[in-house]
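Asks: Sequence:
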Amino acid sequence: MSRYRQGLGQADLAAGLTAAAVVLPKAMAYATIAGLPVQVGLYTALVPMAVYALLGSSRPLSVSTTTTLAILVGSELNRLTPTGEPGALVAASATLALLVGAMLCGAALLRLGFIANFISESVLVGFKSGIGVVIVADQLPKLLGLHAEKDGFFRDLAVLLGQIPQASLATILLSAGLFSLLFSLRRRWPSVPAPLVVVAIAIASSALLGLDRLGVELVGAVPRGLPALTWPRLDLLGGLWPGAAGIAMMSFTESIAAARAFRASDEPSPDPDRELLALGLANIGGGFFGAMAAGGGTTQTAVNRQAGARSQVAELVTAGAALATLLLLAPWIALMPQAALAVVVIVYSFELIAPGEFLAIRRVRHIEFRWAVVAFLGVVFLGTLKGILVAVILSLLALVQQEVNPPVYAIGRKRGTDVFRPLSARHPHDETWPGLLLLRAEGRLFFANAHGVLTRMRAEVDRHQPRVVVLDGSAVIDLEYSALKVLTEAERQLDREGISLWLAGLNPTVLEVIRRSELGERLGKERMHRNIERAVEHYLAEGLEAKG
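Residues 1 to 548 (this note's numbering) are what the sequence shown spells out, left to right.
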């Protein structure tokens, strides 16, 4: 706040109110998904939102609840409270939120935030685009005044197509008009909080024209009053902790993905460990006031950012709007057409779908383009929960692939310089020397990639038929014992074939490992050189080129 510049307040106020127009109805809807009273959704948009805004490191992240969290919470509540008695459900939900918060705080103390680094940027592009497509498809029934059970992306679309003849004409006309208004406002008056204007006009139209009598579905009645202090049910802890662990993982993964996805270039990166702590305390605070498990939402964060949020003050404004709704505005929010909410959500979800980023990745690296596509398809085919797991697994597999396939290539010297670079048709005049093969390996050599490195070295040796092979280890950061044994065996094999193996440019740690080993004894000082230039000079000084 000490660095809060004059002029940002207006932007954050507009963004917070705009986000509230999306967050509050969605929070109430998500509460019903979990089988909870609608006011629980408002409690979740109030307490966790405010706590996170004060403690979190992401400026645009909007924290309440999400579809995934609501579904997971509902599943746990149905398992433990099959009777569905409202008081028991609220108590169990609050206990679950407290347990989720405790687990997130524990993860923060153990500094487990590094787990968030397992999602690569290319995979994140696919994940965001998949989420955007799923959100748009999820909102389509509201644009048509239809209801559809969620049963998978493509099946839902097929059911929706079959129900089009039953669509509400009034709802379709309202949706078309609101779309037109929203796009016009964004294009002609970009400084105007367009979604807020659209929602206000929709509410006013509903009140004046009685849209509900024409078949337009409204958000519905919202109870008034502040949340009461709720105590956890300790008898449920034993049955809730496995589900709480999964919900905690989903809360953090969704939150950090959304926080990173909507970070502006001039903003600091979200601190994963601080995010764990902030989300944990937000859930604990919410649990004591009857809220359900909370986390950062992709859609609401997108709306918050696109509406102009510049700091966490926007989230405090959204939390303030939730408080005002509970106390004063419930009758007006109840008049909001569901189609108006869907219009705002769809327009801002289109921002997530980024075919241009797919093409940019494809121009640079085809393998990462494939990872992005698989992450996209994972979300579309499997849903958000499994889609995130696919994204994490893909990132881990990408890391493993890079580690087990380190580059090994022949190099030559750029004429007139001391620059050594990979041999290629682009540089046909680079210097090489008869009988001498210069190889460079990169990365960490260990048990999983040692034999692959040896295979690629062998292929280069067979191609060039040298008398001396110099392995440039300047880019080798570590040499594990299994890899050292493989390299020793490779030296023996080359020696039997009359080929001498030299080493050059080893970092001090790797050099010390080799000196203490059998390979170091076999090579001696005369075959281990400070750098690749000295190895070439030694080769030429010994006259090995002429002898060839």
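Don't read these hints as lab results, they were simulated from the structure.
Hints are not guaranteed to be accurate.
As the list claims (entries may be wrong) - Restraint-style ranges between C-beta atoms, simulated for each label pair:
{"#": "1", "residue 1": "His366", "residue 2": "Asn507", "range": "29 to 37 Å"}
{"#": "2", "residue 1": "Leu328", "residue 2": "Leu209", "range": "48 to 56 Å"}
{"#": "3", "residue 1": "Gly87", "residue 2": "Gly220", "range": "16 to 24 Å"}
{"#": "4", "residue 1": "Arg363", "residue 2": "Gly220", "range": "45 to 53 Å"}
{"#": "5", "residue 1": "Gly246", "residue 2": "Ile201", "range": "39 to 47 Å"}
{"#": "6", "residue 1": "Arg363", "residue 2": "Ile172", "range": "36 to 44 Å"}
{"#": "7", "residue 1": "Leu209", "residue 2": "Asp235", "range": "46 to 54 Å"}
No residue lacks a Cβ here, since even glycine has one placed at the ideal position from N, Cα and C.
Asks: Decide, hint by hint, whether the structure agrees.
Replies: Going down the list of hints, with the structure as the test:
In this structure, His366 and Asn507 meet the distance hint of 29 to 37 Å, their C-beta atoms being roughly 32 Å apart. As the Cβ distance of Leu328 to Leu209 is approximately 24 Å, the hint placing it in 48 to 56 Å is violated. Take Gly87 and Gly220: their Cβ atoms lie about 21 Å apart, and the range 16 to 24 Å holds. Between Arg363 and Gly220 the beta carbon distance is about 49 Å. The supplied range of 45 to 53 Å therefore holds.
Distance hint check: the CB atoms of Gly246 and Ile201 are about 41 Å apart, consistent with the given range 39 to 47 Å. Checked against the given bound of 36 to 44 Å, the beta carbons of Arg363 and Ile172, roughly 40 Å apart, stay inside it. A hinted range of 46 to 54 Å holds for the C-beta pair Leu209 and Asp235, which are about 51 Å apart.
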